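Asks: What follows is the residue order along each chain.
There are 2 protein chains.
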Amino acid sequence: MTRRKRDFPVSQIRRYLEPGPVVLVSSCWKGKTNIMTMGWHTVMEFTPSLVGCVISSANYSFELIRNSQECVINVPTMTLLDKTVGIGNTSGADVDKFTKFELTADPAEKVGAALIRECHANFECRLHDEALVEKYNFFIFEVVKAHVAASPKYLQTVHYTGDGVFMIAGKTVSRRAKFVRGL
Amino acid sequence: MTRRKRDFPVSQIRRYLEPGPVVLVSSCWKGKTNIMTMGWHTVMEFTPSLVGCVISSANYSFELIRNSQECVINVPTMTLLDKTVGIGNTSGADVDKFTKFELTADPAEKVGAALIRECHANFECRLHDEALVEKYNFFIFEVVKAHVAASPKYLQTVHYTGDGVFMIAGKTVSRRAKFVRGL
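Residue numbers (this note's numbering), protein chains in the order written: chain C, 503 to 685; chain Y, 503 to 685.
Just chain C, with the same shape it has in the complex (with noise of 0.2 Å):
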């Protein structure tokens, strides 16, 4: 089940990446397509909306993402938890991992790496700063468009500890009104 889209703030994706969900990284360059799972990132600024993520030169991706400039984050929940799995134990220089996991390739708007429909959340990027790409394969990446399922307002992401073991995001909690500055 896949549920239609919105446009979001480029500036507020914080929202779904900041609490470190496993995200599913999409990527073409020259006819080549791939997806690979990725847990190293984080939000590094607002506006320009940017996050930092590394992607290993072992990677099938890494080439992708490195002559293209460009890739798509996506958002999986736990309904996507096995797919994700096979899509990090599996590499693109093999299979063609959207026909292998049955997952729909969406155009994008701005990068030519294509939208996971199935996820609850894309999120088109292009490099914003390659400076230690070659030192510690991290690429900053600005987020130039996004887009997000409407419902439900939060997610159950899954959170990878290592070993095999992932983390399912639980209840949420308000502390709104202790917050004294911004947000």
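Don't read these hints as lab results, they were simulated from the structure.
The model shown is predicted, which means the values in this text are computed figures rather than measured ones.
Each hint can be trusted.
Here are the computed lysine-lysine pairs in the DSSO-like style, where the Cα-Cα straight-line distance is at most 27 Å:
| hint | chain 1 | residue 1 | chain 2 | residue 2 |
| --- | --- | --- | --- | --- |
| 1 | C | K673 | Y | K673 |
| 2 | Y | K612 | C | K637 |
| 3 | Y | K673 | Y | K507 |
| 4 | Y | K637 | C | K637 |
| 5 | C | K602 | Y | K680 |
| 6 | C | K612 | Y | K637 |
| 7 | Y | K602 | C | K680 |
These stretches of chain Y come out as covered by chain C in the derived footprint (C-beta under 8 Å, 3 or more residues):
| hint | segment |
| --- | --- |
| 8 | 504-517 |
| 9 | 542-555 |
| 10 | 576-587 |
| 11 | 661-675 |
Simulated restraints on C-beta separations:
| hint | chain 1 | residue 1 | chain 2 | residue 2 | range |
| --- | --- | --- | --- | --- | --- |
| 12 | Y | F681 | C | T549 | 35 to 43 Å |
| 13 | C | F548 | Y | R508 | 33 to 41 Å |
| 14 | C | V675 | Y | K680 | 31 to 39 Å |
Just so it is clear, CB atoms sit at the ideal spot from N, CA and C, and this is done for glycine as well.
Given the coordinates of chain C, work out where chain Y should sit on it, guided by the hints.
Replies: Same frame as chain C, but now just chain Y:
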């Protein structure tokens, strides 16, 4: 209640940081100490054990950390949520946060900043690379010593989603059998 901690392999601290919890960063420089709440961080490497963190120059902690080139990343759980929010909403320029929030400063082994006893885990960090500090407030630290309470194995960490709302870590699920390469 605080539990006795034991040494933990620094190469395995992803276990605690990769799921994206809000953490408390303690710092010390020339007799000044502080604690800040931080949500923008990512694991970057196993060995050396690297963690990248955004620490805004607007924070009182920024100068303490930049000058001392050290800090401790402490992992709080749900029981410390209100203190964690309070720490994020006060400035070390105005108050001594250890006193105000009734937290215990235990001496670290390798850095001058204190371990927060009430946190489940404490990671002593030395600045590893400041190449992106000026441009993005992005510090790359090496975890040089890790202290972790023996139980519980999985924590009710808190994960920020913006707007004053936190997600609390839920249940865990294993997919270990589906991993074909490293875990």
